[in-house]
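Turn these sequences into a full structure, and let the hints guide you.
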Amino acid sequence: NAGVTQTPKFRVLKTGQSMTLLCAQDMNHEYMYWYRQDPGMGLRLIHYSVGEGTTAKGEVPDGYNVSRLKKQNFLLGLESAAPSQTSVYFCASANTGELFFGEGSRLTVL
Amino acid sequence: GDSVTQMEGPVTLSEEAFLTINCTYTATGYPSLFWYVQYPGEGLQLLLKATKADDKGSNKGFEATYRKETTSFHLEKGSVQVSDSAVYFCAPNSGYALNFGKGTSLLVTP
Numbered sequence: 001n002a003g004v005t006q007t008p009k010f011r012v013l014k015t016g017q018s019m020t021l022l023c024a025q026d027m028n029h030e031y032m033y034w035y036r037q038d039p040g041m042g043l044r045l046i047h048y049s050v051g052e053g054t055t056a057k058g059e060v061p062d063g064y065n066v067s068r069l070k071k072q073n074f075l076l077g078l079e080s081a082a083p084s085q086t087s088v089y090f091c092a093s094a095n096t097g098e099l100f101f102g103e104g105s106r107l108t109v110l
Numbered sequence: 001g002d003s004v005t006q007m008e009g010p011v012t013l014s015e016e017a018f019l020t021i022n023c024t025y026t027a028t029g030y031p032s033l034f035w036y037v038q039y040p041g042e043g044l045q046l047l048l049k050a051t052k053a054d055d056k057g058s059n060k061g062f063e064a065t066y067r068k069e070t071t072s073f074h075l076e077k078g079s080v081q082v083s084d085s086a087v088y089f090c091a092p093n094s095g096y097a098l099n100f101g102k103g104t105s106l107l108v109t110p
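Chains as they are written, first to last, in my numbering: chain A, 1 to 110; chain B, 1 to 110.
No lab work stands behind these hints: they were computed from the structure.
Virtual Cβ for every residue (Gly too), placed ideally from N, Cα, C.
Take these hints with a grain of salt, some might be off.
Said to hold, decoys possible - Not the full set, but computed from the structure, chain A residues with beta-carbon under 7 Å of chain B:
| id | residue |
| --- | --- |
| 1 | F10 |
| 2 | V12 |
| 3 | G16 |
| 4 | P39 |
| 5 | L43 |
| 6 | F90 |
| 7 | G97 |
| 8 | E98 |
| 9 | E103 |
| 10 | G104 |
Claimed, not checked - Covered stretches of chain B, as calculated for chain A (at least 3 residues, CB under 8 Å):
| id | segment |
| --- | --- |
| 11 | 39-48 |
| 12 | 59-69 |
So, in structure tokens, the structure goes:
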């Protein structure tokens, strides 16, 4: 059972570069989420989606864009990376209640 | 939206000690309540949940009771093990977006 898969797991970027994190789930879940986790800040919601073709802003959306063109995929984009976006990013999916998380993607912006 | 207050820690206990991690929440309506656990280097996973007042969730020796009158969902375990060392997140959910707090770091020493 794959569950929630995030790619890539590690990435180093230079300031100003762009990249996309991919989240894929095979549980036919409606809801998908992107969080970032930073030391001392806990887990903060960036964007989420309640279904294919929909997206919504979370607590810290600035500097990120997302797309949900297919139900099973939720993409997180950084158009112009900044050092403040150095973090561990987690994707999650759910139908009702319980969230299922990926293993995380560690992004470093130099 | 929903929010949660829990002790940040780190909480350090000796093996076989009693554990309590307090959690109080604010939410609209009657949320479901969850405890998630994050082991080092991994994503979050569900530990236990309760969906209505006075329900008790339990798993792996951990318990928490949904207290509507005090808006609390405290996590307890009678005898912790070294393998319980992790970060624990309390999360109310009454809508689409699940907001996690900073979590409580637990270290159990032999």
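So which of the earlier hints does this model not fit? Hint check: 1, 2, 3, 4, 12 fail, others pass.
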